[in-house]
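A.B. asks: Note that the protein sequences, when read in sequence, are chains A and B.
Each step along the first sequence adds one to the number in the working numbering, with nothing skipped, and position 9 is 9.
Each step along the second sequence adds one to the number in the working numbering, with nothing skipped, and position 4 is 1004.
Treat the hints with care, since some could be wrong.
As the list claims (entries may be wrong) - Label pairs and their calculated CB-CB ranges: (1) B:Thr1106 x A:Pro83: 17 to 27 Å; (2) B:Lys1052 x A:Ser55: 24 to 34 Å; (3) A:Pro83 x B:Gly1041: 17 to 27 Å; (4) B:Ser1014 x A:Leu54: 40 to 50 Å; (5) B:Ser1058 x A:Arg63: 19 to 29 Å; (6) A:Pro69 x B:Arg1110: 42 to 52 Å.
Stated by the list, open to error - No more than 25 Å apart at the CA atoms, straight line, and that leaves these computed lysine-lysine pairs for BS3-like: (7) B:Lys1068 x A:Lys36; (8) A:Lys36 x A:Lys9; (9) B:Lys1068 x B:Lys1049; (10) A:Lys40 x B:Lys1098; (11) A:Lys40 x B:Lys1049; (12) B:Lys1098 x A:Lys41; (13) A:Lys53 x A:Lys22; (14) A:Lys18 x A:Lys36; (15) A:Lys53 x B:Lys1098; (16) A:Lys36 x B:Lys1056; (17) A:Lys9 x A:Lys38; (18) B:Lys1068 x A:Lys40; (19) A:Lys40 x A:Lys9; (20) A:Lys19 x A:Lys36; (21) A:Lys53 x A:Lys19; (22) A:Lys41 x B:Lys1049; (23) A:Lys18 x A:Lys53; (24) B:Lys1098 x A:Lys22; (25) A:Lys53 x A:Lys41; (26) B:Lys1098 x A:Lys38; (27) B:Lys1060 x B:Lys1049.
Just so you know, the hints here were simulated from the structure itself, not pulled from any lab data.
Beta carbons are placed, not taken as given, at the ideal position from N, Cα and C, and that holds for glycine.
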Amino acid sequence: DTEVTQTPKHLVMGMTNKKSLKCEQHMGHRAMYWYKQKAKKPPELMFVYSYEKLSINESVPSRFSPECPNSSLLNLHLHALQPEDSALYLCASSQDNGYEQYFGPGTRLTVT
Amino acid sequence: GDSVTQMEGPVTLSEEAFLTINCTYTATGYPSLFWYVQYPGEGLQLLLKATKADDKGSNKGFEATYRKETTSFHLEKGSVQVSDSAVYFCALNSNDYKLSFGAGTTVTVRA
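Please put together the full structure from these sequences, using the hints given.
C.D. replies: Spelled out as structure tokens, the structure:
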């Protein structure tokens, strides 16, 4: 099974709201990722967790806050977002460094 | 640094036509190469991969061969269907956590 699940599928939030995106995998993968994808563009890496520790932060604004509660779960906490943060947010996982990444279906986020 | 260049399209084909999407890369060392497909409204799906020179990845009728001498990983399918309409991304990984993606190629197959 190569499934990564994400909830919610769609999210609309105001600029003063706080919300969270959730991601789960049960493949025993040790690396998990958050990406942001704008329409017609490739995904842009935001964060990487390796063995439940944050290993890469691609200079993402602090209004995005990742969390890895355990090896199967990855959250992205959102606060005070801007309309330009509207995008598809993708979670991915891989066995480890250098292995293929498996993506979830994404959360379509709209900031009003 | 690593980079991937792929033809951007859009590409429009009739059913049963032959599809080629060119992909070339720049990387240090010996990267792994991937093709991902994204259907409308969905996430990315791993279509195929190759981890060393001369490897051929294949899946669902699609094929790509890792050519080190030409630094290429072109995607081909002999007879496309309407259901193959999607965006295709070529990507590489040089043994770290970062995937370098090409710009993506939008393919539309008409009945």
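A.B. asks: Evaluate each hint against the coordinates.
C.D. replies: Against the structure, the hints:
| no. | hint | in the structure |
| --- | --- | --- |
| 1 | B:Thr1106 x A:Pro83: 17 to 27 Å | holds, 25 Å |
| 2 | B:Lys1052 x A:Ser55: 24 to 34 Å | holds, 26 Å |
| 3 | A:Pro83 x B:Gly1041: 17 to 27 Å | holds, 21 Å |
| 4 | B:Ser1014 x A:Leu54: 40 to 50 Å | holds, 48 Å |
| 5 | B:Ser1058 x A:Arg63: 19 to 29 Å | violated, 43 Å |
| 6 | A:Pro69 x B:Arg1110: 42 to 52 Å | holds, 47 Å |
| 7 | B:Lys1068 x A:Lys36 | violated, 31 Å |
| 8 | A:Lys36 x A:Lys9 | holds, 14 Å |
| 9 | B:Lys1068 x B:Lys1049 | holds, 14 Å |
| 10 | A:Lys40 x B:Lys1098 | holds, 20 Å |
| 11 | A:Lys40 x B:Lys1049 | holds, 22 Å |
| 12 | B:Lys1098 x A:Lys41 | holds, 17 Å |
| 13 | A:Lys53 x A:Lys22 | holds, 17 Å |
| 14 | A:Lys18 x A:Lys36 | holds, 18 Å |
| 15 | A:Lys53 x B:Lys1098 | holds, 16 Å |
| 16 | A:Lys36 x B:Lys1056 | violated, 30 Å |
| 17 | A:Lys9 x A:Lys38 | holds, 16 Å |
| 18 | B:Lys1068 x A:Lys40 | violated, 29 Å |
| 19 | A:Lys40 x A:Lys9 | holds, 19 Å |
| 20 | A:Lys19 x A:Lys36 | holds, 16 Å |
| 21 | A:Lys53 x A:Lys19 | holds, 22 Å |
| 22 | A:Lys41 x B:Lys1049 | holds, 21 Å |
| 23 | A:Lys18 x A:Lys53 | holds, 23 Å |
| 24 | B:Lys1098 x A:Lys22 | holds, 21 Å |
| 25 | A:Lys53 x A:Lys41 | violated, 28 Å |
| 26 | B:Lys1098 x A:Lys38 | holds, 18 Å |
| 27 | B:Lys1060 x B:Lys1049 | holds, 13 Å |
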